[in-house]
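2 protein chains.
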Amino acid sequence: MKEFQYITIADELGKLINEGVYPVGQKLPSLRLISSRFQVSIGTVLKAFVLLIDKGLILGRERSGYVVLRKSRPDIDLPESSKTISAATEVRLGPVLHQISREAQAHTSFVSFFNAVLDVGLLPLNAIRRSLQQASRDLTGAHLLYEQANGNPLLRQEIAGRSFRWNGALKAEEVVITNGALEAVSLCLRAVAEKGDTIVLETPFYYGILQTIEALGLKIVELPGDTLSGIDLDQLEQVCKEHRVAACVLISNFNNPNGAMLSDQKKRDIAAFAKRKKIPVIDDDIYGDLHFDTERPANIKSYDTDGWVMLCASFSKSVAPGYRIGWCAPGRFTEKVIRLKAVTNVATASVVQLSLLQLLNTGAYDRHLRRLRPELHKLMLLTLQAIAAHFPLETKVSRPKGGLVLWIELPKGVDALVLHQKAIAEHIQIAPGTLFSNRGDYTNYIRMSYSNLWSKRIEQAIQKLGKMIKDQVIEGSKS
Amino acid sequence: MKEFQYITIADELGKLINEGVYPVGQKLPSLRLISSRFQVSIGTVLKAFVLLIDKGLILGRERSGYVVLRKSRPDIDLPESSKTISAATEVRLGPVLHQISREAQAHTSFVSFFNAVLDVGLLPLNAIRRSLQQASRDLTGAHLLYEQANGNPLLRQEIAGRSFRWNGALKAEEVVITNGALEAVSLCLRAVAEKGDTIVLETPFYYGILQTIEALGLKIVELPGDTLSGIDLDQLEQVCKEHRVAACVLISNFNNPNGAMLSDQKKRDIAAFAKRKKIPVIDDDIYGDLHFDTERPANIKSYDTDGWVMLCASFSKSVAPGYRIGWCAPGRFTEKVIRLKAVTNVATASVVQLSLLQLLNTGAYDRHLRRLRPELHKLMLLTLQAIAAHFPLETKVSRPKGGLVLWIELPKGVDALVLHQKAIAEHIQIAPGTLFSNRGDYTNYIRMSYSNLWSKRIEQAIQKLGKMIKDQVIEGSKS
Chain A
1 MKEFQYITIA
11 DELGKLINEG
21 VYPVGQKLPS
31 LRLISSRFQV
41 SIGTVLKAFV
51 LLIDKGLILG
61 RERSGYVVLR
71 KSRPDIDLPE
81 SSKTISAATE
91 VRLGPVLHQI
101 SREAQAHTSF
111 VSFFNAVLDV
121 GLLPLNAIRR
131 SLQQASRDLT
141 GAHLLYEQAN
151 GNPLLRQEIA
161 GRSFRWNGAL
171 KAEEVVITNG
181 ALEAVSLCLR
191 AVAEKGDTIV
201 LETPFYYGIL
211 QTIEALGLKI
221 VELPGDTLSG
231 IDLDQLEQVC
241 KEHRVAACVL
251 ISNFNNPNGA
261 MLSDQKKRDI
271 AAFAKRKKIP
281 VIDDDIYGDL
291 HFDTERPANI
301 KSYDTDGWVM
311 LCASFSKSVA
321 PGYRIGWCAP
331 GRFTEKVIRL
341 KAVTNVATAS
351 VVQLSLLQLL
361 NTGAYDRHLR
371 RLRPELHKLM
381 LLTLQAIAAH
391 FPLETKVSRP
401 KGGLVLWIEL
411 PKGVDALVLH
421 QKAIAEHIQI
431 APGTLFSNRG
441 DYTNYIRMSY
451 SNLWSKRIEQ
461 AIQKLGKMIK
471 DQVIEGSKS
Chain B
1001 MKEFQYITIA
1011 DELGKLINEG
1021 VYPVGQKLPS
1031 LRLISSRFQV
1041 SIGTVLKAFV
1051 LLIDKGLILG
1061 RERSGYVVLR
1071 KSRPDIDLPE
1081 SSKTISAATE
1091 VRLGPVLHQI
1101 SREAQAHTSF
1111 VSFFNAVLDV
1121 GLLPLNAIRR
1131 SLQQASRDLT
1141 GAHLLYEQAN
1151 GNPLLRQEIA
1161 GRSFRWNGAL
1171 KAEEVVITNG
1181 ALEAVSLCLR
1191 AVAEKGDTIV
1201 LETPFYYGIL
1211 QTIEALGLKI
1221 VELPGDTLSG
1231 IDLDQLEQVC
1241 KEHRVAACVL
1251 ISNFNNPNGA
1261 MLSDQKKRDI
1271 AAFAKRKKIP
1281 VIDDDIYGDL
1291 HFDTERPANI
1301 KSYDTDGWVM
1311 LCASFSKSVA
1321 PGYRIGWCAP
1331 GRFTEKVIRL
1341 KAVTNVATAS
1351 VVQLSLLQLL
1361 NTGAYDRHLR
1371 RLRPELHKLM
1381 LLTLQAIAAH
1391 FPLETKVSRP
1401 KGGLVLWIEL
1411 PKGVDALVLH
1421 QKAIAEHIQI
1431 APGTLFSNRG
1441 DYTNYIRMSY
1451 SNLWSKRIEQ
1461 AIQKLGKMIK
1471 DQVIEGSKS
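Residue numbers (the working numbering), protein chains in the order written: chain A, 1 to 479; chain B, 1001 to 1479.
Derived by calculation from the structure, the hints in this document are not laboratory data. Heads up, some of the hints might be wrong.
Simulated crosslink set (DSS-like; lysine-lysine; CA at most 27 Å straight-line) [unchecked claim]: (1) B/K1412 x A/K195; (2) A/K15 x A/K47; (3) A/K396 x A/K470; (4) A/K336 x B/K1219; (5) A/K422 x A/K467; (6) A/K219 x B/K1336; (7) A/K195 x B/K1278; (8) B/K1412 x B/K1464; (9) B/K1071 x B/K1396; (10) A/K278 x B/K1195; (11) A/K195 x B/K1195; (12) A/K195 x B/K1219.
Just a few of them, taken from the derived set where beta-carbon distance is under 8 Å, the chain B residues facing chain A [as the list claims (entries may be wrong)]: (13) G1180; (14) K1195; (15) G1322.
Sample of chain A residues lacking proximity to chain B, with all beta carbon distances greater than 12 Å (derived) [stated by the list, open to error]: (16) L69; (17) N126; (18) R129; (19) F164; (20) R370; (21) R371; (22) P374.
For every residue, glycine included, the Cβ atom is placed at its ideal position computed from N, Cα and C.
Please model the entire structure based on the sequences and the hints provided.
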């Protein structure tokens, strides 16, 4: 899509700077020349220049052109995941996570890289207000009665109609509206697994779902997940031979935390595997709408032919977390999920569904996403750049193609929990890597969200974090 | 309260008519005379007369006074409950309930006595619209982020502040906001019981909670619950000696379906029992605000001194089912319930909490309740009267002091499931008694809600039901 072209242009120019084509101090070619070489508008080149200025690579001088300030650093390596398949183990996350979540909630004035949640300034507040006002006008007595357990039929129709965007073909009756994606995952798990059953998932993995699994008394097997490409299918086959596996939980796009994205071929293979082995695959595609490439990626459900894939998604990440509207398409388990929803909390609040329906069918949601995606991409690049500038050289960082978080491997010996404590003292919040595994892995990893609006304060916080990490490295080498 | 006086007056006059003080055809004393005898205003007497007209006992002739039409029937007996304590059994409700719930949802044009839900005409639609509009104006970006897992602090404060109405003394931090009371009960159960554990409850009991218990894989022991006074404490003691009981679930006020209300002494004794035996008691006081007497009744939590009572409540029954706002005060299990809430669906939708907060702190909720309660009382009396007029003489009916439903014991041999089928054919919905037990009891019982606005259509539906029941009795006596 055109709106992303400027990023490509900026990347190209960045490469030319790195390769020495435009050495430090040199003026870049004129806007006009670059626009004609790349066959794009002058406006697009200007946006690319702004990005390069933001990255600190060039300096813009009004009327006198753009000058190269410095080369970007050499490419940063990708973090590595655990290499081994874990045993089937009960999930025991311990008190650290609760303590950190509490801190995150208590210290709202801190600079927070902890939550994977959009900055308030990125939320479509006015559109939401308008949708609520419209909902209050549209409200009839009937809306105040219990909504159907599977959700407002018009909202389900709207969500089903949008499935063509990920090459799906859902019907309204296949969709179940839930209180957020976590409830969707929880209901899907309860539909296919009982206390003591074994679930397969990848490592590193989102702690929120680990907590849900812990609360349901399920065991997990952690499969190594590559930072770029996710799990390995042969390993999945192997695990399912060795264990009676009740279900797999996977994040097909932009795995939280490491940003891994399954290839289309792998998505297809996993859907085929689920059907062949009759093992339900829960696909948590909560970040799919927040892609940086031009096209919305497919998910595992896109290739589901027999109802063994249970898709879970949400509007919490893209519109407003407080709305608590998620949904799932649980395939052959739809009836069971609806029954569980009905006996757990009857239905999702009707008014919020009405308001979201407004946002979707007036086009406000799509307009919001079109603005949001390039903004998030820019924020990711800026954060990556700042980390590259301020963290030790050995730092490895993920390069997600969507979502809200970076996964960062710090030099060996850095204790992310100690770093977290020191950061809290400086009013900065990060997510220590140990939260993302059930076996104490990732002690020198952290997850940082890039969903805060960019500011000096954010950059300074990253600089401070870099200083703390370097201090830990030095202390470590002394002892 | 003054607004209920007219019902007392109507009852008194009804008694005088029954005793023959005012025989059929006789004129009643003048408004003025009655108002001076009972020391009430003429307006109150007039309202009492309207009620007697509604009941069909008197006929009002403008300017010529009020004439007795007929005596009311002799007092109707109360339905009887199962007499025995059940074994500890897994809950298996079977497919009938799902089918009936589906029918109730599909046939919204039918005359429905099935759902214990207020008629749309009794909901405060305009106040809710205003509260939503105000909420959309008050909405800030911060409200769009995740609400605290235990709920909006101001709403919790408001709910806690209202606890003095039932002689409680809750603090905001003891309250957890949930998606309706059923979620509250479900979270409380999960906090104190695991799959396979045994729960004690009374019989007959609300099928919705039975379904929740079934989904959680818990066993139940059903204790006989008297139609007036609920469970027997000695039997509760006995059961807790014979079984390892994980929790009791009780409805302290207006048990659904039989309307039983625990005495204050029994509430106190149960709270003391919970503390002494260290057995959590979940008190589902969802109907407590819908009392017909002047005072809001206490609940078991009112007498809780040590945190063993977990109170659950909701605004679904009194404001709008579609709002899905319930809450609980889980005593010593509060932290655990908050954690379970967080890992089940993070938090309850913030916007709906804001809107409800508006309804509460502007006084709109209390104004609504003041209008609603006498209206519901009248509807209960009218429904009781119509049942007395049209059902067979042997019919026994509960006499609830609040809530939304009547519990009706039909003559022996009447099959309520057959009646339900025949009623559906006539576009009438009732709740067959077997839904309210796990052991197939109550085959000749039905539950009927009286929360529909009164109309000829409603009365005719009751008449038709009466005809169907009488037909079944005659058929039964033939065979």
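Hint check:
A C-alpha spacing of about 43 Å is found between B/K1412 and A/K195, which places the hinted pair above 27 Å, so the restraint is violated. For a cut-off of 27 Å, the pair hint linking A/K15 to A/K47 stands: about 17 Å separates their Cα positions. A C-alpha spacing of about 14 Å is found between A/K396 and A/K470, which places the hinted pair at or below 27 Å, so the restraint holds. Distance check on the hinted pair: A/K336 and B/K1219 sit about 20 Å apart at the alpha-carbon level, within 27 Å; holds.
For the suggested pair A/K422 and A/K467, the alpha carbons sit about 11 Å apart, so the restraint of at most 27 Å is met. Proposed proximity of A/K219 and B/K1336 is supported: the alpha carbons are some 20 Å apart, at most 27 Å. A threshold of 27 Å between alpha carbons decides the hint, and for A/K195 with B/K1278 the separation of about 25 Å falls inside it, so the pair holds. At most 27 Å may separate the alpha-carbon atoms for a hinted pair to count; B/K1412 and B/K1464 meet this at roughly 19 Å.
Between the alpha carbons of B/K1071 and B/K1396 the distance comes to roughly 19 Å, so the proposed pair stays at or under 27 Å and holds. As the CA atoms of A/K278 and B/K1195 are separated by approximately 25 Å, the hinted pair is consistent with the 27 Å bound. Distance restraint check for A/K195 and B/K1195: the Cα-Cα separation of roughly 8 Å lies within the 27 Å cut-off, and the hinted pair is therefore satisfied. This hinted pair checks out: A/K195 and B/K1219 have alpha carbons roughly 15 Å apart, not beyond 27 Å.
This hint holds: B/G1180 has a C-beta 5 Å from the nearest C-beta of chain A, less than the 8 Å allowed. Interface restraint check: B/K1195 against chain A, minimum CB-CB distance 5 Å, threshold 8 Å, status holds. Hint status for B/G1322 relative to chain A: holds, with the closest Cβ pair at about 4 Å, below 8 Å. With a cut of 12 Å on Cβ distances, A/L69 stays outside the contact zone with chain B, its closest approach being about 35 Å.
Here A/N126 does not stay apart from chain B, with its beta-carbon only about 10 Å from theirs, under the 12 Å limit. Listed as outside the interface, A/R129 is inconsistent with that label: its C-beta sits roughly 5 Å from the nearest C-beta of chain B, within the 12 Å cut-off. For A/F164, the condition that its CB be more than 12 Å from all CB atoms of chain B holds, with the nearest at approximately 28 Å. The claim that A/R370 is not at the interface with chain B holds, since no C-beta of that chain comes within 12 Å of its own (minimum 19 Å).
Every CB of chain B lies more than 12 Å from the CB of A/R371, the least distance being 16 Å, so the non-interface label holds. Against chain B, the non-interface label of A/P374 holds: every CB pair exceeds 12 Å, the least being about 21 Å.
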